[in-house]
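Residue numbers (the numbering used here), protein chains in the order written: chain A, 15 to 301; chain B, 723 to 1132.
Note that these hints are calculated values from the structure, not bench results. Beta carbons: idealized from backbone N, C-alpha and C, even for Gly. Where hints are given, some of them may not hold.
What the hints assert, rightly or not - Sample of chain A residues facing chain B (criterion: CB under 8 angstroms; computed from the structure):
| id | residue |
| --- | --- |
| 1 | Gly25 |
| 2 | Gly129 |
| 3 | Thr130 |
| 4 | Ala131 |
| 5 | Leu228 |
| 6 | Leu276 |
Claimed, not checked - Simulated coverage check for chain B against chain A, where a stretch passes if three residues somewhere in it have a Cβ under 8 angstroms from a Cβ of chain A:
| id | segment |
| --- | --- |
| 7 | 759-773 |
| 8 | 925-932 |
| 9 | 944-953 |
| 10 | 960-973 |
Below are the chains, spelled out letter by letter.
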Amino acid sequence: MLGILASIIDGVLVGLVYGLAAIGLTLIWGVMDVINLTHGTMIVAGMMALYLLAGQLGVSPYFTLPPILIGGFFVGAALYWVAIHRLVGRPPLMSLLSTFAVNLILVGVGTAVWGTALFNVDVSLPGLSIGRYTFPGAHILAAVLAAVIAAALYVFLHRTRTGKALRAVANNREAAELVGIPTTRLLAIAVGIGVALAGVSGMLIGTLFPFTILSGDDYQLKSFIVTVLGGFGNPVGALMGGVALGLLEGAITPFVPVSWTLVIEFVLFVLVLIAFPGGVFSRRGVL
Amino acid sequence: MKPRYRKHLCLVAAAATLFAVSPVSASAEDTITIGFTDSQTGPLNVDSLGQQRGFEFWRDEVNAAGGIKAGGKSYKVKFATYDDQSVGGRVEQLYTRLVNQDKADFLFSPYSSGLTARAAVISEQYGKIMIDSGGAEEKPFELGNKYLFMVITSASHYLSGAVDALKAKNPHASVALVYSDDPFSKAVLTATKQQAQAAGLDVVMDESYAPSTTDFGPIVNKIISSNADAFLGGGHYSDGATLARQMYDQKANMKWISILVAPGDDKFGELGPAALGVTVPSQWEAQVSYKPQFGPTTAQFAEAFQKKFNAKADYHAASGYTSGVILQHAIEQANSVDTDKVAAALNGTDVTTFFGRIKFADDPGHHGLQAAHQMVLAQWQKKDGKPGRQVVWPTDAQSAPMIYPISAGH
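So that you can see chain A by itself, here it is in the shape it has in the complex (with noise of 0.2 angstroms):
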């Protein structure tokens, strides 16, 4: 019994950190209906400078969650310049092809220069224990900085002029224009947050598992499923579909052999696209 709430834990701390990454794609996806196939290398990008920061020149591992944060907003920005500004209102097919492009050069720079060794930064945080059941510090510190950062998103997008004119765009972009908001501009800057969080979130996995240059594929697919069970451009909605992804890991674990998990997590997957195609905790108006 203990075992099995101690998975389920685990699955919720480690699903904040995934919704935490989903937030960046789904907010992307809510502004501009750009489905963005950089996502799963901007999350090893936020790792790799986790590894370079931390582990090559010696700064504490959470020390680096502002510069990337920082860091990874210009990259966003220009991001955004290079593949998608011309294809804003087009097509989604074309936005995809076009940061799908983006993503293949990254991954082969990123596997010319770094080969696809392994890398793991090491960090070491007193964690809690349940019996013989132990919840690493670094799992409990990630889900918690997780939650911190979704939640000054909200309050960046519902209390600030520049995050209700993020939310102006996404409801109606020539409205919005009409009213005298700098769209493009903006277009720009919701990439750039979009970007920023899934380099953050790439920073906080970095600090849960090693890694190589390829495990952005695995954490986007995850991203993708989150996405879906918590709606599409729904920030709040990903943070919830997060949990729920950790917690359904968690929770199927003890009872079923462990490579049923992926097969059920896929089968909801399609059963919530058809009963819920806008997604579980989808709300019309919530960017």
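We have chain A already, so just place chain B on it with the hints.
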């Protein structure tokens, strides 16, 4: 055109024609082409790079020594290679190209069991000898193939050393088998389960996980709940390393851990304390010294490799190099580069190299499977304050005593 230029042009054209219809030059005639793909990109990149370096190192050494001698000639070795991107579909396409367009005389395998099985279909279809140092799965060798030869120990024996070592320390140990759901890992652990049960160990958990698994937290909790003393499993690179780290982070307190592949790479040491105590079955370690009947000694190979690549040779590099050594030995024994004569020489091969003894099974049900080579078990231990792999099993090959039970929070 002026007559003077026309005359020069005619001379140039005549010379060109003369060269074009001349018999093939001596150097081209005395060359053999070996074709293979490597995974320069994709998830198999790290292990494939080791194997590729082994191939290239052998080629450079054999060419520097004058080439392979057969039928009174010295054949220089030339490679034809492509990047298979770690993708099975590419392998079939590229091995067909290697045979038909690049006119490869012999083939080396790609890295991994999955890719090798696909390449073997092509090599057999075209009747080309393929030396396999990258795929340990037995299945392709149970299909009646005539030209496929494996120089490494096959999958079903990968963890038999770990089972023997564990039995020696704890005859009634309870064991959790948790492994990646891929052909290689499943083949290894299916055999391991039978070996563990035959050895009287108690298998309390036997489960596979999807290769894309990123978080092993719930799985580690399940291992803890199983009350296992020992963990045997893993798969390839990221998953094996992540399992080791999460078992450490979650204080699984295993007394014994054997993980496939990942701990065989020096980068595994980056896990710090989570790496210590972990054992890995290894095809070759520099500490084990055989008396070679053919090719370099272990010390010669290891030193020259280090000098050339500024990196320590791992078992992938050693097995890649051995592919070349064994092919060279067979060609020289056959005294010919004719495929059937070389295949016959390979069938009769029984030779000790720096990699160990090499002999191929000749019964039709397992033709070409490795029948003599033995693996060792290496354990991550601290020596002079630095973590590294030490050979701990078999006992007569030990470079350091085996640590059991392991501590460090596992």
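Against the structure, the hints come out as follows:
no., hint, in the structure
1, Gly25, "holds (6 angstroms)"
2, Gly129, "holds (6 angstroms)"
3, Thr130, "holds (4 angstroms)"
4, Ala131, "holds (5 angstroms)"
5, Leu228, "holds (6 angstroms)"
6, Leu276, "holds (4 angstroms)"
7, 759-773, "holds (count 7)"
8, 925-932, "holds (count 4)"
9, 944-953, "holds (count 3)"
10, 960-973, "holds (count 8)"
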